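*Asks:* Listed below are the residues making up each chain.
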Amino acid sequence: MSSALIETAEKAGKPLRRHRLDRPELLAPAGSLEKLKFAVHYGADAVYIGGQKYGLRSNADNFSFDEMREGVAFAARYGAKVFVATNIYAHQEDLAGIAEYLKQLESVGIAAIIAADPAIVEIAMREAPGLEVHLSTQQSTMNWQAVQFWKEEGLPRVVLARETSMEEIREMKSRVDIELEVFIHGAMCSSVSGRCVLSNHFTDRDSNRGGCCQSCRWKYDLHVDAASAAGAGDNPFTMGSKDLCMIQHIPDLIDAGVDSFKIEGRMKSIHYVASVVNAYRQAIDAYMADPEGYTLRPEWVGEIGKAANRPLNTGFFYSTPGAGEHIYEPEEKPAPYDFAAVVTDYDAAAGIATLQQRSPFRPGMEVEFIGPGGRSFNQSVGEMTDEHGESLEVARHPLQTIRIRTERPVFPLDIMRKKML
Amino acid sequence: MKTELMIAAGTIEQLERYIAAGADAVLIGEPRFGARLPGAIPEDRLKEAVSRAHALGAKAYVAANKLLRNEELPALPGYLRAAAEAGADAIVFGDPAVLLNAREASPGLTLHWNAEMTGTNSAAASYWARKGAVRAVLARELNEEEIADFKAQAQMEVQVQAHGMTNIYHSQRNLLQSYMEHIGREARLLDLGADEGLFLVEEERPDERLPVYEDVNGTHVMSADDICLLEAIPDLLGAGVDSLYVEPLLKTEAYNETVLRSYRQAIDAWTADPDGYEFDEAWLEAIRALQDPRRELGFGFLYKEQVY
Numbered sequence: 001m002s003s004a005l006i007e008t009a010e011k012a013g014k015p016l017r018r019h020r021l022d023r024p025e026l027l028a029p030a031g032s033l034e035k036l037k038f039a040v041h042y043g044a045d046a047v048y049i050g051g052q053k054y055g056l057r058s059n060a061d062n063f064s065f066d067e068m069r070e071g072v073a074f075a076a077r078y079g080a081k082v083f084v085a086t087n088i089y090a091h092q093e094d095l096a097g098i099a100e101y102l103k104q105l106e107s108v109g110i111a112a113i114i115a116a117d118p119a120i121v122e123i124a125m126r127e128a129p130g131l132e133v134h135l136s137t138q139q140s141t142m143n144w145q146a147v148q149f150w151k152e153e154g155l156p157r158v159v160l161a162r163e164t165s166m167e168e169i170r171e172m173k174s175r176v177d178i179e180l181e182v183f184i185h186g187a188m189c190s191s192v193s194g195r196c197v198l199s200n201h202f203t204d205r206d207s208n209r210g211g212c213c214q215s216c217r218w219k220y221d222l223h224v225d226a227a228s229a230a231g232a233g234d235n236p237f238t239m240g241s242k243d244l245c246m247i248q249h250i251p252d253l254i255d256a257g258v259d260s261f262k263i264e265g266r267m268k269s270i271h272y273v274a275s276v277v278n279a280y281r282q283a284i285d286a287y288m289a290d291p292e293g294y295t296l297r298p299e300w301v302g303e304i305g306k307a308a309n310r311p312l313n314t315g316f317f318y319s320t321p322g323a324g325e326h327i328y329e330p331e332e333k334p335a336p337y338d339f340a341a342v343v344t345d346y347d348a349a350a351g352i353a354t355l356q357q358r359s360p361f362r363p364g365m366e367v368e369f370i371g372p373g374g375r376s377f378n379q380s381v382g383e384m385t386d387e388h389g390e391s392l393e394v395a396r397h398p399l400q401t402i403r404i405r406t407e408r409p410v411f412p413l414d415i416m417r418k419k420m421l
Numbered sequence: 001m002k003t004e005l006m007i008a009a010g011t012i013e014q015l016e017r018y019i020a021a022g023a024d025a026v027l028i029g030e031p032r033f034g035a036r037l038p039g040a041i042p043e044d045r046l047k048e049a050v051s052r053a054h055a056l057g058a059k060a061y062v063a064a065n066k067l068l069r070n071e072e073l074p075a076l077p078g079y080l081r082a083a084a085e086a087g088a089d090a091i092v093f094g095d096p097a098v099l100l101n102a103r104e105a106s107p108g109l110t111l112h113w114n115a116e117m118t119g120t121n122s123a124a125a126s127y128w129a130r131k132g133a134v135r136a137v138l139a140r141e142l143n144e145e146e147i148a149d150f151k152a153q154a155q156m157e158v159q160v161q162a163h164g165m166t167n168i169y170h171s172q173r174n175l176l177q178s179y180m181e182h183i184g185r186e187a188r189l190l191d192l193g194a195d196e197g198l199f200l201v202e203e204e205r206p207d208e209r210l211p212v213y214e215d216v217n218g219t220h221v222m223s224a225d226d227i228c229l230l231e232a233i234p235d236l237l238g239a240g241v242d243s244l245y246v247e248p249l250l251k252t253e254a255y256n257e258t259v260l261r262s263y264r265q266a267i268d269a270w271t272a273d274p275d276g277y278e279f280d281e282a283w284l285e286a287i288r289a290l291q292d293p294r295r296e297l298g299f300g301f302l303y304k305e306q307v308y
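So the sequences go chain by chain: A and B.
So in my numbering the end of the first sequence lands on 421, straight run, no missing numbers.
So in my numbering the end of the second sequence lands on 308, straight run, no missing numbers.
Read the hints as simulated data drawn from the structure, not as lab findings.
Bear in mind the structure is a predicted one, so any value in this text is a computation, not a measurement.
One should not assume that every hint holds.
Unchecked claim - Derived DSBU-like pairs (lysine-lysine); straight-line CA-CA distance at most 35 angstroms:
1. A:K219 to B:K2
2. B:K304 to A:K53
3. B:K304 to B:K2
4. A:K219 to A:K333
5. A:K151 to B:K2
6. A:K242 to A:K306
7. A:K103 to A:K306
8. A:K419 to A:K333
9. A:K53 to A:K151
10. A:K242 to A:K219
11. A:K219 to A:K151
12. A:K333 to A:K151
13. A:K103 to B:K131
14. A:K333 to A:K418
15. A:K103 to A:K219
16. A:K418 to A:K151
17. B:K304 to A:K103
18. A:K306 to A:K151
19. A:K151 to A:K419
20. A:K242 to B:K304
21. B:K2 to A:K53
Chain A with its partners taken away, still in its complex shape (with noise of 0.2 angstroms):
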């Protein structure tokens, strides 16, 4: 929009709302303040992160409001946003005191929160009128009138439920002028999101609350009257799904329309964050800038590789997922490279990196350095120092200062990773 525009829109008392975004935007999760910076960093146009109260990651690092001011403050450095979830379905207790909270994040600079609720969204709009409201996928939006009524309703964006198809979503797209949000990366609950108490019936913990124990993804065993229905002896299975990866389809995603390329991912690690953001954020600036000639990289879906910890598939972008879609036996591993280290400084003039462990590394190991962009070289690691000039024989202690020599110019938050497998 040019400032042209803006003024006269501002003139005029109107709100300014962009319903299709210039370029699609990257929405990256941030379970913690130091996973926001490394999102943000990695290139994500904004993050969501949940507070303290009224969303569905109880067991998360949740923000405090000072923790958010931070967070809000380093993203806009970036230019970027921070969202916050509050995507339970309320009960009646926890109906008071939203209206105070959601004011809270108004004042700490939160750009909009993602909403199921009604009655979270009506108080948000009337009581916080600076936080836009993002309409959860919770609420399981799945039909281009939905997502009109929600447009009538004033909502500027809709995050899709994730059984929503491609052609869906052009149609969507096609009828309604509102931003669209879908998630194109990460775990996806095997049931629609939000139509699930399995885990309040069998732990007296309420899903929509936060208290999801992932019960889809224990072992069941299907039967008919008295006999298992795989025969006796068989293996039960679990209910889960793989996880989602739509780093082969960018092109289909912004030609489609797509606002907003949401990962999920509040729970997973900074090494996850980093590189999952860095790989898909190379794949659309490069299909951006140059769609004739846009080639995947196989780079970028290798980086996915190297983060995954479970199998991966397209959900229902191309079809309903069937029977090589789901995970029947356990098969999460650990992801094939661990986080050893974070670059803190580096000495050009001497080439020698400082570094702070994240996991326990010695000399002659193989290390990968990652930076934003796709920057990445592998070397052994050398002769290594601590603060005082100290030689070590291995980095063991948590946050511990390590110097090493790097092979080529690193920058503060590059990721030293190790691989494991």
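Put chain B on the given structure of chain A with help from the hints.
*Replies:* Okay, now just chain B, sitting in the frame of chain A:
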């Protein structure tokens, strides 16, 4: 107003039997627009079904409460008009697309909001009331205190499930077909339907049998227990609950009729004389006599405190 006793009916014959057994209202429809109905009464027989219910002195509500996809929208206005012309006493909706269509297709239609497990608070219900809903169907995962507060705060009718199983997991994936394929078995949708007696058992809960079935709307996992709030009728009616729903899914008609008869007597007795009301064990015994011994009768979440 006297509390309504409600049940879903899968055929016109069932509708008649359930009204005879004491139902004040029946929920009808078909899987094209309704979620987890015990049968299908097609659009061209709605008028006959609604007329039959009315002739027997009962109300008939039409279910349009499933999550809709783009391709299902074109038939929706016609369906809502057919329901209105049939004289339906309400349309039950969950997806806001139904609201938009109901306004245009038939502005006079009464609307009931039923979002199943996500209907958890009175402020959300009031939101839908301002969009035209006159009734909120409460999530089954609410306790007594929450139900009473919900009713006190929401300026609308509230409906609570009093009896039967509840849906605890809904997927739009064909999980059973996929699993059969995974283990190398041939299976058609028909073999995986509600009448096939399939159930899931979680590894560490061998005594809990979770019925599971597939239909055109996906895969449905149901609770291992049956709710039975018969003994809580004074509390529920005292709190002002407007409608008690009996879920007939995966039960015999005889069982459902027995349930209705017991609730009918309890509701009538309490309404006639709340102070002198006495619970009659025979009401519960009649249900117990037909209860599947592998399925516990319980209070659901009525007296539970959930954490998160």
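*Asks:* Hints first: check each against the structure and report whether it holds.
*Replies:* These are the hints, each one checked on the structure:
1. A:K219 to B:K2: 46 angstroms, violated
2. B:K304 to A:K53: At roughly 22 angstroms apart (the allowed maximum being 35 angstroms), K53 of chain A and K304 of chain B satisfy the hint.
3. B:K304 to B:K2: Holds, because 27 angstroms separates the two Cα atoms, which is no more than 35 angstroms.
4. A:K219 to A:K333: 17 angstroms, holds
5. A:K151 to B:K2: 39 angstroms, violated
6. A:K242 to A:K306: This hinted pair holds, its Cα atoms lying about 16 angstroms apart.
7. A:K103 to A:K306: Measuring from Cα to Cα gives roughly 40 angstroms; hence the hint is violated.
8. A:K419 to A:K333: 14 angstroms, holds
9. A:K53 to A:K151: With a Cα-Cα distance of about 26 angstroms, the restraint between K53 of chain A and K151 of chain A holds, given a limit of 35 angstroms.
10. A:K242 to A:K219: With Cα atoms ~15 angstroms apart, K242 of chain A and K219 of chain A stay inside 35 angstroms; holds.
11. A:K219 to A:K151: 41 angstroms, violated
12. A:K333 to A:K151: 42 angstroms, violated
13. A:K103 to B:K131: 26 angstroms, holds
14. A:K333 to A:K418: At roughly 16 angstroms apart (the allowed maximum being 35 angstroms), K418 of chain A and K333 of chain A satisfy the hint.
15. A:K103 to A:K219: Status violated; Cα separation ~43 angstroms.
16. A:K418 to A:K151: 47 angstroms, violated
17. B:K304 to A:K103: Holds: K304 of chain B and K103 of chain A sit about 32 angstroms apart, inside 35 angstroms.
18. A:K306 to A:K151: Not OK: K306 of chain A and K151 of chain A at ~39 angstroms, beyond 35 angstroms, violated.
19. A:K151 to A:K419: Violated, at about 47 angstroms.
20. A:K242 to B:K304: 33 angstroms, holds
21. B:K2 to A:K53: Violated: K2 of chain B and K53 of chain A sit about 39 angstroms apart, past 35 angstroms.
Checked against the numbered hints given earlier, the structure breaks hints 1, 5, 7, 11, 12, 15, 16, 18, 19, 21 and satisfies all the rest.
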